[in-house]
Structures are given as C-alpha cells and as structure tokens.
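Chains as they are written, first to last, in this note's numbering: chain D, 1 to 108; chain E, 1 to 594; chain G, 1 to 205.
Think of the hints as simulated: they come from the structure by calculation, not from any bench. Among the hints, a few may not be true.
[Claimed, not checked] Pairs of lysine-lysine, BS3-like flavour, derived with a Cα cap of 30 Å: (1) G/118 <-> G/99; (2) E/140 <-> G/101; (3) E/140 <-> G/168; (4) E/140 <-> G/8; (5) E/464 <-> E/539; (6) E/324 <-> D/71; (7) G/98 <-> G/168.
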Amino acid sequence: MSESHSPEDIKKHVRTYLMVFGSLAVLTIVTVAVGYMELSIWPALIVALAIATLKSGLVAAHFMHLITEQKMILHLLILTFVFLGIMFILFISAYNDQEGLLAVANLI
Amino acid sequence: MTNETEPDFHAMEGNEGEAAHEDHHHELSFWRKYIFSTDHKMIGLQYGFTALLFLLFGFGLMLLMRWQLASPGEPIPFIGWLFSDETAPGGIMLPEFYNQLGAMHGTIMVFLGVVPLAVGAFGNYIVPLQIGAPDMAFPKLNMASYWSYFVGGVVMLASFLVPAGAAKAGWTSYPPLADIETMGQTMWLIGMIFLITSSLLGAVNFLTTIIQLRAEGMTYMRMPFFTWTQFITSFLLLLAFPPLEAAGVLQLFDRLLDTSFFLPSGLVVSGEVLEVSGGGSPLLWQHLFWFLAHPEVYVLILPAMGIVTEIIANNTRKPIWGLKLLIYSLIFLGFMSFVVWAHHMFITGMGTSLSGFFQVTTMIISVPSVIILSGLFLTLWGASMRFTTPMLFALAFLPMFGLGGLTGLPLGLAPTDIPLHDTMYIIGHFHYIVAPGTILALFAGIYYWYPKATGRQMNETLGKIHFWGSFICMNGIFFPMFFQGMAGLSRRLYDGGASYEFAEGVIHYNPIMSAFAFLLLLAQVPFMINFFMSMKKGKKVGSNPWEATTLEWTATTSPPLAHGNFEETPSVYRGPYEYSVPGADSDFTPQNQP
Amino acid sequence: MDIPYTVKSRPDTGVYNAKLGIWLFLASEIMLFGGLFSAYIFLRMGAPTWPGMIDGHMYTRASEILSVPLATVNTMVLIASSVTIVMAWASLALNDFKKYKMYMGITILCAFGFLVIKYFEYAAKFDHGYLPEDSTFLAIYFVMTGLHMLHVVGGIIVNGYLWGPGAKMWKTNPEQFKHRIEVAGLYWHFVDIVWIFLFPTIYLL
Numbered sequence: 001m002s003e004s005h006s007p008e009d010i011k012k013h014v015r016t017y018l019m020v021f022g023s024l025a026v027l028t029i030v031t032v033a034v035g036y037m038e039l040s041i042w043p044a045l046i047v048a049l050a051i052a053t054l055k056s057g058l059v060a061a062h063f064m065h066l067i068t069e070q071k072m073i074l075h076l077l078i079l080t081f082v083f084l085g086i087m088f089i090l091f092i093s094a095y096n097d098q099e100g101l102l103a104v105a106n107l108i
Numbered sequence: 001m002t003n004e005t006e007p008d009f010h011a012m013e014g015n016e017g018e019a020a021h022e023d024h025h026h027e028l029s030f031w032r033k034y035i036f037s038t039d040h041k042m043i044g045l046q047y048g049f050t051a052l053l054f055l056l057f058g059f060g061l062m063l064l065m066r067w068q069l070a071s072p073g074e075p076i077p078f079i080g081w082l083f084s085d086e087t088a089p090g091g092i093m094l095p096e097f098y099n100q101l102g103a104m105h106g107t108i109m110v111f112l113g114v115v116p117l118a119v120g121a122f123g124n125y126i127v128p129l130q131i132g133a134p135d136m137a138f139p140k141l142n143m144a145s146y147w148s149y150f151v152g153g154v155v156m157l158a159s160f161l162v163p164a165g166a167a168k169a170g171w172t173s174y175p176p177l178a179d180i181e182t183m184g185q186t187m188w189l190i191g192m193i194f195l196i197t198s199s200l201l202g203a204v205n206f207l208t209t210i211i212q213l214r215a216e217g218m219t220y221m222r223m224p225f226f227t228w229t230q231f232i233t234s235f236l237l238l239l240a241f242p243p244l245e246a247a248g249v250l251q252l253f254d255r256l257l258d259t260s261f262f263l264p265s266g267l268v269v270s271g272e273v274l275e276v277s278g279g280g281s282p283l284l285w286q287h288l289f290w291f292l293a294h295p296e297v298y299v300l301i302l303p304a305m306g307i308v309t310e311i312i313a314n315n316t317r318k319p320i321w322g323l324k325l326l327i328y329s330l331i332f333l334g335f336m337s338f339v340v341w342a343h344h345m346f347i348t349g350m351g352t353s354l355s356g357f358f359q360v361t362t363m364i365i366s367v368p369s370v371i372i373l374s375g376l377f378l379t380l381w382g383a384s385m386r387f388t389t390p391m392l393f394a395l396a397f398l399p400m401f402g403l404g405g406l407t408g409l410p411l412g413l414a415p416t417d418i419p420l421h422d423t424m425y426i427i428g429h430f431h432y433i434v435a436p437g438t439i440l441a442l443f444a445g446i447y448y449w450y451p452k453a454t455g456r457q458m459n460e461t462l463g464k465i466h467f468w469g470s471f472i473c474m475n476g477i478f479f480p481m482f483f484q485g486m487a488g489l490s491r492r493l494y495d496g497g498a499s500y501e502f503a504e505g506v507i508h509y510n511p512i513m514s515a516f517a518f519l520l521l522l523a524q525v526p527f528m529i530n531f532f533m534s535m536k537k538g539k540k541v542g543s544n545p546w547e548a549t550t551l552e553w554t555a556t557t558s559p560p561l562a563h564g565n566f567e568e569t570p571s572v573y574r575g576p577y578e579y580s581v582p583g584a585d586s587d588f589t590p591q592n593q594p
Numbered sequence: 001m002d003i004p005y006t007v008k009s010r011p012d013t014g015v016y017n018a019k020l021g022i023w024l025f026l027a028s029e030i031m032l033f034g035g036l037f038s039a040y041i042f043l044r045m046g047a048p049t050w051p052g053m054i055d056g057h058m059y060t061r062a063s064e065i066l067s068v069p070l071a072t073v074n075t076m077v078l079i080a081s082s083v084t085i086v087m088a089w090a091s092l093a094l095n096d097f098k099k100y101k102m103y104m105g106i107t108i109l110c111a112f113g114f115l116v117i118k119y120f121e122y123a124a125k126f127d128h129g130y131l132p133e134d135s136t137f138l139a140i141y142f143v144m145t146g147l148h149m150l151h152v153v154g155g156i157i158v159n160g161y162l163w164g165p166g167a168k169m170w171k172t173n174p175e176q177f178k179h180r181i182e183v184a185g186l187y188w189h190f191v192d193i194v195w196i197f198l199f200p201t202i203y204l205l
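The whole structure should be built from the sequences, with the hints applied where relevant.
See below:
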C-alpha cells in the first residue's frame with residue numbers, strides 16, 4: 001500500500017467506505033431475511049456462508065485495505081486459509097469416517 | 001480541512017522509533033537491565049537459564065519414575081521421607097503419583113524445557129545477530145513472551161502442591177479422564193494457556209524480525225540454515241497452536257462450568273452416570289490436540305537441525321551439501337507437518353479412507369527429513385574434520401535422529417502401528433529423536449555459542465566427558481524400549497509391567513535402563529561444572545574463535561555490543577557457508593566480506 | 001535504540017513492522033476461531049437434533065432460543081464501528097485530529113453498545129435458567145460469543161488507550177501514531193469479521 005495519501009485519495013477512500021457500509025447493511029438484512037425463510041440445512045448453509053464471505057470480503061478488501069495491500073500479506077492469508085480449510089475438511093472427514101468404530105461395535 | 005493540532009516537528013528528530021529519545025546511554029537500573037529487559041540477548045539468556053532449570057527438574061521427575069520401574073513397590077531411598085502420604089506413603093510411590101510424574105515430565109520437558117531453550121533462548125539470542133539486526137522487531141513483546149512463559153511455568157510447578165497433586169492424565173490430557181480429574185488438571189490447562197500465549201507472541205516477533213530486519217544483501221537464500229529453521233518453526237507455532245488454545249478453553253469450560261464439549265452422553269464414572277448434558281466428543285479433543293502436537297514435534301526438531309548444520313559446516317570447513325535443496329525440503333516439511341496428525345490416532349476407530357490418507361501423508365513427510373539428514377551426512381564426505389566438543393554432539397545427532405526417524409516408519413503405517421501404539425516402543429521412538437537427538441544438538445549449541453555470549457571458551461576435556469557419558473547413557477536408557485514395546489509392554493504402567501506375565505521376557509531391562517538414567521545424571525555434572533567455571537576461568541577468546549562465516553561471529557564482538565549489536569550495520573555479500581573457497585586467502589570467507 | 005522500519009516501510013516488502021506483526025497475529029486468530037468453528041461443526045454433526053433437547057424442551061431452530069433481532073442490531077453496531085474506525089484513520093491521514101477523536105470515540109461507544117446488548121442477551125438466558133452446562137448448543141454458543149466478546153473488550157482497551165493517553169504521540173511522532181491507528185483498526189475489523197460469520201452460524205442456521 002502506498003504510504004503517502006493525497007487528500008483526494010483519502011476522500012475517494014471515504015466515499016468507498018460509505019458505499020461499503022451501505023452494502024453491508026443491506027447484506028445483513030438479506031442474511032436475516034433468508035434466515036426467516038427457514039430453508040433446509042444445505043441451501044441455508046450455502047447461502048449464509050456465501051453472504052458472510054461476501055460481507056467479510058468487503059470489510060477485508062476496503063476497510064482493511066487488502067485490495068491495495070502488499071502481496072506478502074495476501075500470501076500469508078492464503079496460507080492461513082489453506083490450513084484452515086485442511087482443518088475443516090479433515091475434521092469433517094474424520095467425523096464421517098468412523099467405520100473402524102462401527103466394525104468393532106458389530107463384533108460385540 | 002482544518003488541522004486541529006499540528007504535529008510538533010521540533011520534538012521529532014526524524015527518527016524511526018519512539019524509543020529514539022531514550023537512546024542516550026543512560027544506565028539502566030538492575031531491574032530494567034536483568035529482569036525486565038527488552039534486549040534480545042538478555043531475554044535469550046533468561047530463557048536459557050530458566051529452560052535449563054526446568055530440564056533438570058523434568059529430569060528429576062523421570063529419575064523418580066525410573067526408580068519405580070526398576071524396583072516397583074520399593075520405598076524411594078534417601079529422599080523417600082520428603083513425600084507426603086498422598087504421593088508416596090512410607091516412601092512407596094502410589095500409582096496416582098507415578099501418573100503425575102509421567103504427565104508433568106512430558107509437559108515440562110516439551111513446553112518448559114526444550115522449546116524455550118531451542119526457540120526462546122537460541123532463537124532470541126542468535127537470529128538477530130545472524131541477520132544483522134539491532135534487536136527483534138518488537139522488543140517489549142519479546143519481554144512479554146518471556147514473562148508469560150515464566151508465569152506458565154510457575155503455574156505448572158505450583159500444580160504439584162494442590163490437593164491431589166498435579167495433572168495426571170498424560171501430557172496429552174485426553175478426555176473423558178482429563179475432564180473429571182482433580183484440580184491439578186485445571187492448573188495444567190491454565191499453565192498451557194500462558195505458554196501458548198508466550199509462543200504465539202514469540203512467533204509473531206520472530207517472523208516479523210526475519211522478514212523485515214535482514215541486513216542489506218541478506219536475501220532469503222543467503223540466510224543461515226539455523227535462521228531458516230527458526231523461521232519455519234515460527235510459522236508452525238503461529239498457525240498450529242491456536243486450535244489447542246481453543247481446545248484448552250473448551251476443556252476448562254468442561255471442568256469449571258460442567259459443559260460437555262468432550263463428554264459423551266451416558267458416561268458412567270465409578271458406577272454412576274455422570275450428571276452432564278452429554279452430546280460431546282472425546283475424539284474432538286484428540287483432533288484439536290494433535291493438530292498442534294504434530295507440528296509441535298517439528299518445533300522440537302527443526303532448531304536442532306539448524307544448530308547441527310551450523311556446526312557441521314564450521315567444523316568440516318565445507319559448504320553444506322545441497323543447501324538450497326535443504327531449504328526447500330524444510331519448507332515442504334513445514335507444510336506437510338499440518339496434514340499428518342491423525343497418525344497418532346490410528347486406534348480411535350477411524351475407517352480405511354481416513355487412515356489411508358494419513359498413512360500416505362506420513363510416508364511422504366519422511367522424505368524431506370531424509371533429504372536434510374542426507375545433505376548433512378554428504379557434507380562430511382571429504383571434510384577437514386575438527387572434532388571439537390560441539391562437533392562431537394552434532395555428529396552424534398545424525399545417527400541418533402536417523403534411528404529415531406527410522407523407528408517412526410512402522411508407526412506411520414496403521415497395520416504396524418496398531419500393535420505398537422501406547423507401548424514402550426513409542427516412548428523409545430520419540431525419545432531417540434528428542435533426547436539423543438534434539439538435546440544433544442542443544443548441548444552442541446551451548447558449547448558452540450558460549451564463546452559468543454561470554455567471550456570465553458568452555459573446557460574441551462570436560463566437554464568430551466559430558467559428551468561420551470551422555471551419548472552412551474541415552475542409548476542405554478532408550479534402546480531396550482524398542483524390545484519392550486515389540487513384546488507388547490504398555491507405556492504409563494506404574495509398575496513397569498511387573499503384573500503382566502507376557503512382559504516377563506522384557507521386564508529385566510528396567511533396572512538396567514534405570515541405572516543408565518542415574519549415570520546420565522552423573523554425566524551432566526562435568527557440564528554443570530564446566531558451564532559455571534568457564535564464565536570466570538574459561539580461556540578468553542576473540543570475536544570469532546571458531547573461524548566461522550556467519551554474521552554473529554564476523555560482524556560483532558564476543559559478547560556482542562550491548563546496544564544495537566553492531567558498531568555499524570553489516571552488509572552481506574555472500575552465502576552463509578563459504579568455507580574453503582578456491583583461491584581465497586583463508587579457509588573461510590565471512591558473509592560480510594565484499 | 002532504533003529498530004528499522006518501525007515507521008518507514010521496508011522497500012522490498014512494502015510494509016512497516018507493526019503492520020506485518022498484526023497480520024501475523026490475525027492469522028493466528030483465524031486459526032483460533034477456526035478451531036472453535038471446527039468444534040462447532042464436529043459437535044453439530046454428532047447431534048441428533050440441533051439445538052436439541054434443553055431442560056425438557058425440544059428446540060428445532062436456534063431462533064427459538066436466541067434473539068435474532070438483538071443479534072441483528074449488534075451486527076449493525078459492529079459494522080458501524082468498523083466504518084468509524086477506518087474514518088478515524090482517514091481523518092489522521094488528512095491531519096484532522098479533532099475528527100479522529102470524534103470517530104474513535106464513536107467506535108468505542110459502539111463497542112460498549114455491543115457489550116450492553118450482549119449483557120441483555122446473556123441475562124435473558126441466565127434468567128431462564130439456561131447455562132452452558134445444559135446442552136452442547138448452549139455451551140458452544142456461550143464459548144464462541146464469549147470469546148468474541150473478550151476480543152471486543154480487548155479492542156475497547158486498546159482503542160481507549162489510543163483515544164486517551166496514547167493520543168499524545170500525535171504531537172511527537174504523527175506517522176507512527178497513524179500506523180498505530182491503522183494497526184488497531186485492522187484488529188478491530190477482524191473482530192467485526194468474526195461476528196459476521198458467527199451471527200448466521202449460531203443464530204440462523
């Protein structure tokens with residue numbers, strides 16, 4: 001991210017901040033509305049996570065300046081999310097694959 | 001736009017940090033200089049002394065256990081009277097006390113001894129010097145890291161004194177047992193939270209320092225391997241510890257607020273159904289714990305590999321064979337360490353898909369380790385070997401770590417792991433890596449860098465006695481464990497297997513192994529004498545007694561300058577191991593030589 | 001002693017030390033909350049119904065126990081505070097200290113507002129006799145929102161310091177002070193993002 005910000009740059013940023021705020025407010029309402037629709041678990045999960053990802057993407061990109069940030073920071077975040085993803089996927093797989101336990105239970 | 005307050009340009013000196021004003025050679029008080037220091041060298045020494053004391057304490061716990069294993073049911077000699085009726089009535093160790101010793105020996109050695117010494121002491125002291133930095137990026141955070149570690153250590157020690165004593169559910173704190181254990185287990189969790197915090201703050205500091213404060217000309221590929229190992233280790237600490245911190249919080253909730261994160265429904269304790277909501281999963285704890293604990297074992301070994309690499313290059317007068325390959329292997333190893341953890345859990349009832357996945361990743365992770373070890377072995381070929389004390393320890397590391405690693409192969413494959421899991425074989429496997437592996441490397445590091453920190457060299461004769469004594473005794477303690485494990489002898493048995501008929505063939509090793517353990521203690525005496533004696537009586541040396549190439553030796557005094565380390569910030573022109581360069585004036589060319 | 005790149009950015013990395021430091025810290029925090037989310041997923045997968053049986057009552061939706069309206073308000077409060085803290089930083093970039101104080105002040109007030117609403121939420125549970133020990137749903141609800149709340153408190157302390165005694169640095173080293181606000185802002189936005197995920201996961205799904 002460039003160090004020196006001219007007043008014009010900052011004012012442009014301020015406009016962006018306010019637009020992002022507006023979007024976040026709208027998306028929050030959408031989230032709650034979809035919540036009240038009481039969809040079944042899979043569609044509900046996908047929609048909720050998609051909206052949450054969009055909202056946090058906006059916060060990260062604009063409020064946290066990631067959109068103009070150095071590549072190094074982005075690489076760090078990608079690495080972190082890779083490990084996070086690995087943790088989620090393997091935990092879920094571990095829960096699903098307890099075949100050994102069932103096999104032992106059947107023996108009894 | 002109106003300015004309410006204009007910055008006071010006169011008060012600023014156009015300097016970098018807020019601390020610029022304080023940099024005018026005023027003497028620090030005793031407290032600021034030695035106790036609440038923000039200087040990485042002092043903090044490194046603080047970590048070093050504290051960690052060595054904890055290692056000695058953890059060693060003491062082990063000696064009590066080995067006494068019990070050698071003579072189960074016999075009163076502890078000489079010091080038996082020190083123990084209360086709760087722990088060892090009449091000097092005869094109760095099983096509950098044995099379990100406390102086991103759990104705390106592991107916890108203290110790993111979290112209060114080895115990691116603080118390898119990372120907190122060596123990392124803090126050496127890394128800024130090796131990269132040409134005046135200090136760590138965040139000196140005050142560094143101080144906070146040390147004190148967080150110290151508090152964690154105090155909590156852990158204090159847990160021995162509470163009713164029913166310290167944690168006794170293993171260093172792994174598995175629920176449901178850990179959830180319902182006595183108060184000591186709560187203190188274990190609280191202690192761990194302080195220790196984890198210390199490591200996280202340290203990791204942030206190390207990573208920022210290495211990325212931001214490398215001197216001019218020090219590209220990543222010119223960084224010494226020791227700094228590389230600290231770099232990768234810090235990534236492991238940063239990203240792997242937090243899930244365990246989360247798990248620790250959950251277990252604290254289970255213990256203090258009666259939640260059931262890890263307690264399944266319908267759990268029966270002492271004949272009665274536990275009055276909790278249930279619905280929890282003991283398996284969840286294991287996954288969260290091992291998600292950290294596997295990368296943690298790489299935290300235990302990587303700094304050791306780094307130390308050994310520095311010493312081998314220096315004492316063979318050769319560049320490290322395949323340095324770039326070793327660095328890439330290190331990075332790959334760091335990444336892989338996150339996806340192998342469930343090889344600690346093959347007997348938890350996982351199906352073949354999951355088990356297959358973890359077997360494959362575990363087999364793959366052995367490759368980079370072998371590459372690194374091979375590179376170090378190949379460096380020895382054609383070397384002008386100097387058998388100094390540090391070099392003896394470093395050389396011994398290679399086959400010892402090799403043996404430890406090889407014994408891990410059957411453990412990485414589920415069919416062979418299943419009969420060996422939770423037997424003495426495992427204890428032998430990991431102790432080979434940590435004791436004749438890492439600890440020998442840490443000793444190597446002490447002998448190697450002692451002249452840098454003190455300006456004096458340790459005595460070679462005492463060093464060699466220390467080496468041979470330690471090397472022989474460690475093998476004597478741990479090698480028979482493989483036979484015991486293969487015969488089916490379980491770990492964590494307070495009588496060493498005396499009550500099991502099938503163990504008869506291997507029980508006789510116990511007294512021999514215990515004898516070696518006590519001899520190992522004896523072997524540390526020359527080290528302790530040497531360490532303290534040499535501070536006053538050791539041979540005085542200059543800034544580079546080992547004729548090494550890296551910046552900590554070539555760019556500053558011994559000990560380094562108190563303020564900012566270097567007279568002037570060094571510039572780096574070459575790689576870290578330019579020994580015996582053809583056509584050069586001498587057999588080593590410093591990194592900062594143009 | 002001068003630590004390089006405390007204020008100026010290092011040319012090849014493009015960042016100053018504290019910025020890298022805070023992002024590294026946030027990476028570890030992602031793994032911390034990630035660990036808790038993994039626990040949530042694991043426990044929910046293992047539960048026959050969710051939220052399930054609590055004190056004899058069968059609940060099929062979280063909104064039957066938790067107050068979605070209150071949490072929605074809290075979400076808006078936190079998002080607003082995220083805007084105000086970045087506005088605080090922008091004000092400093094434009095050399096307007098008074099505006100900085102105003103925006104930072106509003107940020108802190110919003111944070112307190114969040115805590116007040118949380119107080120009412122928790123109090124309603126306790127009054128009903130609903131404690132963490134009564135079900136895994138409640139347990140994970142209290143732990144996750146509680147840990148998040150502790151992070152809000154931490155933010156209040158840091159932001160409060162930077163609004164009050166810490167603001168003196170604007171006079172002596174404005175560049176470094178601006179950096180501190182940027183770094184504090186990054187932490188605060190992270191706290192906001194965690195809630196953005198926490199809210200639908202716990203209250204709506």
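Now the hints, each set against the structure:
no., hint, in the structure
1, G/118 <-> G/99, "holds, 29 Å"
2, E/140 <-> G/101, "holds, 27 Å"
3, E/140 <-> G/168, "holds, 20 Å"
4, E/140 <-> G/8, "holds, 19 Å"
5, E/464 <-> E/539, "holds, 16 Å"
6, E/324 <-> D/71, "holds, 24 Å"
7, G/98 <-> G/168, "holds, 13 Å"
Checked against the numbered hints given earlier, this structure breaks none of them.
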